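**Student:** In order, the protein sequences belong to chains R and S.
The numbering of the first sequence is this note's numbering, which starts it at 56 and goes up by one.
The numbering of the second sequence is this note's numbering, which starts it at 137 and goes up by one.
Keep in mind that the hints were calculated from the coordinates and are not lab data.
All values derive from a computational prediction rather than experimental measurement.
Even for Gly, the Cβ is constructed at its ideal location relative to N, Cα and C.
Please note that a few of the clues may not be correct.
Stated by the list, open to error - Computed beta-carbon distance windows for the label pairs:
(1) R:Y80 - S:M213: 17 to 27 angstroms
(2) R:F65 - S:I274: 21 to 31 angstroms
(3) S:S345 - R:A68: 33 to 43 angstroms
(4) R:A68 - S:F354: 30 to 40 angstroms
(5) R:Y80 - S:I307: 24 to 34 angstroms
(6) S:V206 - R:Y80: 38 to 48 angstroms
The chain contents come next:
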Amino acid sequence: MPQLDFFIFFDEAFTTFIFFFYFYYVFSFFFIPLLFKAKFYLNFINKTLFLKNFFNASFSVSGNKIISETKYINKSLK
Amino acid sequence: MIFSPLEQFEIFPNSFYIFQSSLVTKDFFLFSNLDFSFLVSLIELLNLKWFLLESKFVFPNFSYFFLESVFLVALSMLVSMVGKNAQANLGIVLTLFFFILILNVLGLIPFGFCVTSQIIVTQFLGFFAIGGLTLKGIQNLGFNFLNLFVPRNVPIVMLPFLSVIEIISFISRTLSLSIRLFANMVAGHALLHILMGALLSIFSINFASVLLLIVFFFTCVIDFCYNAFRNGNCFSSGIRFRCSFFDLFK
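Next comes chain R alone, as it looks inside the complex:
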């Protein structure tokens, strides 16, 4: 039985450790922070629209960031 070979046994345990650690890294540093932002899609909206809104707000006359942001999102919803 090859499974009883100690070297293969060690190799399997080591690969399991590495892959499990990578899974843990991805879940704990990428997926769960998204969950605790309550919604996944907020992240996408922020990523794509935040900079545009920020610059629009800073160069606009009213300068109200929140209003411009909501306007932008409403436009995109239409």
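Fit chain S to the known structure of chain R by using the hints.
**Tutor:** Same frame as chain R, but now just chain S:
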């Protein structure tokens, strides 16, 4: 030709000729079929990661809500069973769940390799899960962690015996957790192999046609389930029958 049902669990240390002939000798560098299956699982994980983080969809679709609901169910279970302070340990719980899920599903692919059918993999997971739990418990509770081994409402005469039994059961939990998964996987895959061999020998048909039938069946099932969740009926196009997937279970 029918092989032994236990042949599928064998590990070949150097299954790929490229790695055998490389400068790195095979004694120091192993790339087995198990490592290959792990790499495939990694591709699955990266696909999920790309889908959640890198894709350009601004508004959520079905898959986002599905994954989010899975995460929230795990979180609510953790909070209800352990308490609100256990929210920080959601990562390890979800990792264990998805790790085992992805590896088990990948084992079902024809000509694939079931990683969780190896005792060392499950033993590793069980040992480190229980070891981490113990360390965390000692860190949080200190000396009070030993209360776990003292059952309540028991006469004092019986306490030493019962605490020994409790300690043995706590230690053997690593074995029981790992052997449960290992035995289920080995038994299930061996049974599938035997049934497949019986099908081939009884009907004396080509293996490829059986494979095609299985693939057709599973695609139908996946398509039906997807459309049932998505549209409320089992069919994506054509005449829409007034038969919902959920109506069957009312």
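**Student:** Against each hint, give a clear statement of whether it holds in the structure.
**Tutor:** Hints and how they fare:
| no. | hint | result |
| --- | --- | --- |
| 1 | R:Y80 - S:M213: 17 to 27 angstroms | holds (23 angstroms) |
| 2 | R:F65 - S:I274: 21 to 31 angstroms | holds (28 angstroms) |
| 3 | S:S345 - R:A68: 33 to 43 angstroms | holds (40 angstroms) |
| 4 | R:A68 - S:F354: 30 to 40 angstroms | holds (33 angstroms) |
| 5 | R:Y80 - S:I307: 24 to 34 angstroms | holds (29 angstroms) |
| 6 | S:V206 - R:Y80: 38 to 48 angstroms | violated (19 angstroms) |
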